[in-house]
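Trainee: Dock chain L against the given chain G, drawing on the hints supplied.
2 protein chains.
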Amino acid sequence: MLLRIDHVGVACHNLEEKIEFYESVFGLTVVSREVNEEQGVREAMLHVADGDQGASYVQLLEPLHPDTAVGRFLAKRGEGVHHIGYGVADVTEALKEIGAKGVRLIDERPRHGSMGASIAFLHPKDVGGVLTELVETSRR
Amino acid sequence: MLLRIDHVGVACHNLEEKIEFYESVFGLTVVSREVNEEQGVREAMLHVADGDQGASYVQLLEPLHPDTAVGRFLAKRGEGVHHIGYGVADVTEALKEIGAKGVRLIDERPRHGSMGASIAFLHPKDVGGVLTELVETSRR
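Sequence lines, in order, name chains G and L. Quick note: the first sequence uses full-length UniProt numbering, first residue 1, plus one each step. Quick note: the second sequence uses full-length UniProt numbering, first residue 1, plus one each step.
Just chain G, with the same shape it has in the complex (with noise of 0.2 Å):
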C-alpha cells in the first residue's frame, strides 16, 4: 500500500533561514514554496531523489500562527520532525482500508495538500507515535 517516503515533514521557527541551511549544508533544492491556510503553515518542497514510484521530498514547515496544529507542536516540543508522508496510489481507497483495521483517521475524506496532492493524515495514537499522512501525487 505504502509506496515510497514522499516526505518528511519538518516544523521549524524560521522557514527561510531553515531551507538556507537544507540547501548550504545539504545541498537539497526547494522544488515548491505554498502557503496552506487551511493546515495554518507556510511551506517548502525540498526535492531529494526520484524513484519509481515517485520523488521524496524534505518539507519544511512554519506555523502562520502559534494556534496552528504545527505553532502547538514547536510550542510543546521544539523544532523537529512533525510527520512522515507515505506515497500511496489512491488516498480514498487507502483510507478505506486503514481504517477498516482500527485506526483512526484525522482526515476522514482527502483534503488539499502539497503541490497539488491529495492528502490525508491517519491518528498518530495509532501509529506508534508517528502522525502518518498519506499522499497522492496530483497527475499533472
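Calculated from the structure, these hints are not laboratory results. Nothing here was measured: the structure is a model prediction, and the numbers come from that model. Cβ coordinates follow ideal geometry from the N, Cα and C atoms, glycine included. Be aware that a few hints might be false.
[To be verified] Here are some chain L residues pointing at chain G (derived, C-beta under 8 Å): (1) Leu15; (2) Gln53; (3) Arg111; (4) Met115.
[As the list claims (entries may be wrong)] Derived DEER-like restraints, expressed as beta-carbon distance ranges: (5) Glu37/G / Arg33/L: 23 to 33 Å; (6) Ala75/G / Ala89/L: 32 to 42 Å; (7) Glu20/L / Glu93/G: 17 to 27 Å; (8) Asn36/L / Val30/G: 16 to 26 Å; (9) His65/G / Met115/L: 41 to 51 Å; (10) Arg109/G / Arg109/L: 47 to 57 Å; (11) His47/L / Lys101/G: 14 to 24 Å; (12) Lys101/G / Leu105/L: 34 to 44 Å; (13) Ala89/L / Val30/G: 15 to 25 Å; (14) Lys96/G / Glu20/L: 16 to 26 Å; (15) Arg33/L / Arg72/G: 35 to 45 Å; (16) Lys76/L / Asp52/G: 32 to 42 Å.
Mentor: Okay, now just chain L, sitting in the frame of chain G:
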C-alpha cells in the same frame, strides 16, 4: 549530497507488535532484523520502495535496556520518530563537508549501521531538532 531518504527510524516499546502493525496495516515487509549492541537496540528494517539511488525503509527500534539512547528517548518523549537516515555516496567525505560547515558531528568517524552500512549521526541541535543519520550502503 543527500541521495535519498534511506529510512525513517521509529522508536517503539515492542518491536514484534510494531512489525505486525506495519505489515498488516501498511503492507510493508521485513527484510532484515538485527541486534546492535553498540547502539543498544533490537531493530527491523521494513522495505518501502526502491529508487535509482537505493531503497527506502521504515526502521523500527526497540531499546535493549532503558539506559540506552532509544530507551531514554522513549522515557522522555514516548514512541515516535527517533531519527531520519539519508543516503550518501561516501559517509567519510560527507562528514568532512558537513563538519566544515559548523554542524556538530555525533560520530567523527563512520560506524556500523543496519545491513552492513557505514553510518554516522549529526547533532540534532545543529539540524533543527532532527537527529540526522548519514548512510553509505554496503556494496554487496
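Trainee: Hints first: check each against the structure and report whether it holds.
Mentor: Going down the list of hints, with the structure as the test:
1. Leu15: violated, 11 Å
2. Gln53: holds, 5 Å
3. Arg111: At about 21 Å, which exceeds the 8 Å cut-off, the nearest Cβ of chain G leaves the hint on Arg111/L violated.
4. Met115: violated, 17 Å
5. Glu37/G / Arg33/L: 23 to 33 Å: violated, 45 Å
6. Ala75/G / Ala89/L: 32 to 42 Å: holds, 38 Å
7. Glu20/L / Glu93/G: 17 to 27 Å: holds, 22 Å
8. Asn36/L / Val30/G: 16 to 26 Å: violated, 35 Å
9. His65/G / Met115/L: 41 to 51 Å: Distance hint for His65/G, Met115/L holds at roughly 43 Å.
10. Arg109/G / Arg109/L: 47 to 57 Å: Between Arg109/G and Arg109/L, where Cβ atoms are some 50 Å apart, the hint holds.
11. His47/L / Lys101/G: 14 to 24 Å: holds, 20 Å
12. Lys101/G / Leu105/L: 34 to 44 Å: holds, 41 Å
13. Ala89/L / Val30/G: 15 to 25 Å: The hinted range 15 to 25 Å holds for Ala89/L and Val30/G, with Cβ atoms some 22 Å apart.
14. Lys96/G / Glu20/L: 16 to 26 Å: Taking Cβ atoms as reference, Lys96/G and Glu20/L lie about 21 Å apart, which means the hint holds.
15. Arg33/L / Arg72/G: 35 to 45 Å: Holds, at about 37 Å.
16. Lys76/L / Asp52/G: 32 to 42 Å: This hint holds: roughly 38 Å between Cβ atoms.
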